[in-house]
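Participant: Single-letter residue listing:
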Amino acid sequence: MIRKAFIATLACALLVAGAARATETIVWWDFLSGGDGVRMKAMLDEFNKEFDGKVHIEATTLEWGVPYYSKVQTSTAVGQGPDVMTYHESRMPLGISQNVLSPITPDELAAAGIKGSDFSEANWKAAQGADGKQYAVPLDIHSIILYYNKDLLKKAGLLGDDGKPKGLDGVANWEAALAKLTTKDVAALSVPNDGGTGWRIFYTLLNQQGGQFLTNGKFLDGDNLAKGETAVGEMQKWVKSGWTPANTAYPASIALFTAGKAAMHINGVWEVPTMVDLAKKGQLFDWGAIQVPALYDHPATWADSHSFAIPNRQGNPVDPAKRKLVLQAIHWFNEHSLEWAGGGHVPAYLPVQQSDAFKAMKPNSDYVSLAKTAVFDPVSVVAGVASPVYDATGNYVIPAMMGEMTPADAVKKMRDDLQDQAK
Amino acid sequence: MLKSKRAEYFAAAVLMAPFVVIYAVLFVYPTIKMVELSFTNAPLIGPGRWVGIDNYWRLATERLFPTALWNTIYFVILSALPSTLLALFVALGVNRLKGWTQSVVLAAFFLPYILPVSVVFRIWDWMFDHDFGIAQYLIAPLNGGQRLSVFRTVPLFMPMVALVTIWWLMGFNVLLFIAGLRNISTEIYEAARLDGATRWAQFKRITWPLIWPVTVLVLTIQLILQFKIFDQVYLFTQGGYRVDTTMVMVQYIYRQAFQLNKGGLAASASVVLFVLIAVMSVLQYQLLRVRAQR
Chain A
1 MIRKAFIATL
11 ACALLVAGAA
21 RATETIVWWD
31 FLSGGDGVRM
41 KAMLDEFNKE
51 FDGKVHIEAT
61 TLEWGVPYYS
71 KVQTSTAVGQ
81 GPDVMTYHES
91 RMPLGISQNV
101 LSPITPDELA
111 AAGIKGSDFS
121 EANWKAAQGA
131 DGKQYAVPLD
141 IHSIILYYNK
151 DLLKKAGLLG
161 DDGKPKGLDG
171 VANWEAALAK
181 LTTKDVAALS
191 VPNDGGTGWR
201 IFYTLLNQQG
211 GQFLTNGKFL
221 DGDNLAKGET
231 AVGEMQKWVK
241 SGWTPANTAY
251 PASIALFTAG
261 KAAMHINGVW
271 EVPTMVDLAK
281 KGQLFDWGAI
291 QVPALYDHPA
301 TWADSHSFAI
311 PNRQGNPVDP
321 AKRKLVLQAI
331 HWFNEHSLEW
341 AGGGHVPAYL
351 PVQQSDAFKA
361 MKPNSDYVSL
371 AKTAVFDPVS
381 VVAGVASPVY
391 DATGNYVIPA
401 MMGEMTPADA
411 VKKMRDDLQD
421 QAK
Chain B
424 MLKSKRAEYF
434 AAAVLMAPFV
444 VIYAVLFVYP
454 TIKMVELSFT
464 NAPLIGPGRW
474 VGIDNYWRLA
484 TERLFPTALW
494 NTIYFVILSA
504 LPSTLLALFV
514 ALGVNRLKGW
524 TQSVVLAAFF
534 LPYILPVSVV
544 FRIWDWMFDH
554 DFGIAQYLIA
564 PLNGGQRLSV
574 FRTVPLFMPM
584 VALVTIWWLM
594 GFNVLLFIAG
604 LRNISTEIYE
614 AARLDGATRW
624 AQFKRITWPL
634 IWPVTVLVLT
644 IQLILQFKIF
654 DQVYLFTQGG
664 YRVDTTMVMV
674 QYIYRQAFQL
684 NKGGLAASAS
694 VVLFVLIAVM
704 SVLQYQLLRV
714 RAQR
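Note that the protein sequences, when read in sequence, are chains A and B. Using the working numbering, the first residue of the first sequence is number 1, and each one after it goes up by one. Using the working numbering, the first residue of the second sequence is number 424, and each one after it goes up by one.
Simulated from the structure, these hints should not be mistaken for lab results. Take the hints with a grain of salt, since some may be wrong.
As the list claims (entries may be wrong) - Listed next, the in silico DSSO-like pairs over lysine-lysine satisfying Cα-Cα at most 27 angstroms (straight line): (1) A/Lys164 x A/Lys372; (2) A/Lys180 x A/Lys115; (3) A/Lys261 x A/Lys362; (4) B/Lys456 x A/Lys71; (5) B/Lys456 x A/Lys423; (6) A/Lys49 x A/Lys324; (7) A/Lys180 x A/Lys261; (8) B/Lys651 x A/Lys71; (9) A/Lys71 x A/Lys41.
What the hints assert, rightly or not - Distance ranges between label pairs, derived from CB positions: (10) A/Lys115 x B/Arg545: 41 to 49 angstroms; (11) B/Val577 x A/Ala110: 51 to 59 angstroms; (12) B/Gln661 x A/Gly132: 35 to 43 angstroms.
Said to hold, decoys possible - One-sided and incomplete, this derived list gives chain A residues near chain B with beta-carbon spacing under 7 angstroms: (13) Val66; (14) Gln98; (15) Asn247.
Just so you know, even glycine gets a beta-carbon here, dropped at the ideal spot from N, CA and C.
Take the sequences, apply the hints, and build the full model.
Facilitator: Structure representation (structure tokens):
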């Protein structure tokens, strides 16, 4: 009797163990909080539900920026860390130099159904190292956009019949529009006065002039310096002329816009959920968002990309079977990235980006054009999110914007500082 | 006799062993490694090549390190002594209160101390926000009607961070002073009063000399603590506005190690800070003790 019970128990235990083994676990790290975090969590739930009993993703969200990348670096060095992680494409040059990323072979990509041709070329290439190897698969393209208050623009005669702003292209038009929009109580444009946003605007204006930030290891070389000066000078003019409020912290700049105290607002696409949620609650005016207007020769917008990468865990690599699973999961997330686009992002995966469902999605489809002329961060270990380039913008460009130094001085100091740090 | 002495030593060794082992493994060994690392060009993780005193030379000739060094010293000057004196002042006041009023007032002064630094940052950042901060109603009239972003005004940055720090950490110092003041026997004051001593004379001749050891202790703790300033400066310059101008030493180390992946250079800056704190605290403690013994 006892023996029978023992055998039954053993059999049960084996069954449970067998069932448990059938579910593979993928350990996942990301840095997505706020609206992004909510959306990613919903997608993860959906994934886990769909593959219930087969694959389970165990996700952890960590602090964005330097803390995240430090943790990734230190844990991979001792063979710890996740099976898959989110990574900014702009941060990849540093990541590759730190030996944190594991290259993904063409065979592995093909096996999972991931094709380079399903992504825009610049986007796909930004996930490659100097050695030509693929280190990540992009999920989205995110950029800065121009948010606008339709009521205020209409009043100033700057709203077209299609509900989009008109007459903002070209410096002269842009400045005239800003002047027209500025009244005693309302500023024309609010922007967060921090290094991050400063860089995104500066880089956008620089590239619209055809300028390059980094050429052959040299920052702002040749006539790029003058183009940089023009960009900073333009930003300074916004504040000097009273079109843009000075010393605005990140949250305050959004609040100025949502409170109707600023007619337009430049910020990342990731603030789209903020506006959507407020509008849903009936607490926001009629609003819209478009690609940042081309002030100079041609349209261009700074862009970065959230991508997926496999960490190069020292002495404890992610085993081939797990890698296969991870890549399949990555592909699943790209196929389902329409949901991710709800966070304001442009899906990197072209079949979704070009789908009718995405084209019907507002306001994303109003600014999706930016993806075609997106310029990614310079490829350098001192560039990328939360990098010395961001800091340098906070140290020189923003003070210049506030009128604390001349644009010429700012770009020169920025160049010298970065050149020194890149040594 | 000899045997019991040996037994004493044995007991001492057994009692101290756990601490000594932990101290050696978690402090002495890493410190030696850090000094070693400071002579190499190692990245944050992994070995590096021996480069002699290159890192130290770079620190001396670099633009940012002297700024960080000066800002740190400036911050210590702004925070350590004022917070000690202010705490003594408050403690003298609180000590005069009796019963539950004393408890309530003491609790009020202590409350900020239990807050995490992130909360402290949120409170002050919110109050002083340039566009929506409640403190702007007080600042604007003083600034000719213009709102002022105090944390973005470079000359005001360090004094403001020092003020926040003093507000945040003073409670603990007050507590130490109160404990010290309670240790002074009331009989001494009674005797002094009988002899007709004024309150000022009582403070000068009784309270001040008897509270001196506590003052030295508080000042030393403050000095060591404030040299390690990082959190507040890091938080208040979040988003990267003029980080370089307001950089402090620990922040410089953090930036070199974690942002720029330069482990060797970060180690050499750490050695400089370590030596600086060690020398300053020993020097200060000795100086103040000598004064007390005179």
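Participant: If a hint holds in the structure, say so; if it doesn't, say that too.
Facilitator: Here is what the structure says about each hint:
| no. | hint | verdict |
| --- | --- | --- |
| 1 | A/Lys164 x A/Lys372 | holds, 19 angstroms |
| 2 | A/Lys180 x A/Lys115 | violated, 48 angstroms |
| 3 | A/Lys261 x A/Lys362 | holds, 24 angstroms |
| 4 | B/Lys456 x A/Lys71 | holds, 21 angstroms |
| 5 | B/Lys456 x A/Lys423 | holds, 25 angstroms |
| 6 | A/Lys49 x A/Lys324 | holds, 20 angstroms |
| 7 | A/Lys180 x A/Lys261 | holds, 14 angstroms |
| 8 | B/Lys651 x A/Lys71 | holds, 22 angstroms |
| 9 | A/Lys71 x A/Lys41 | holds, 21 angstroms |
| 10 | A/Lys115 x B/Arg545: 41 to 49 angstroms | holds, 46 angstroms |
| 11 | B/Val577 x A/Ala110: 51 to 59 angstroms | holds, 55 angstroms |
| 12 | B/Gln661 x A/Gly132: 35 to 43 angstroms | holds, 37 angstroms |
| 13 | Val66 | holds, 6 angstroms |
| 14 | Gln98 | holds, 6 angstroms |
| 15 | Asn247 | holds, 4 angstroms |
The structure fails to meet hint 2 from the earlier list, while all remaining hints are met.
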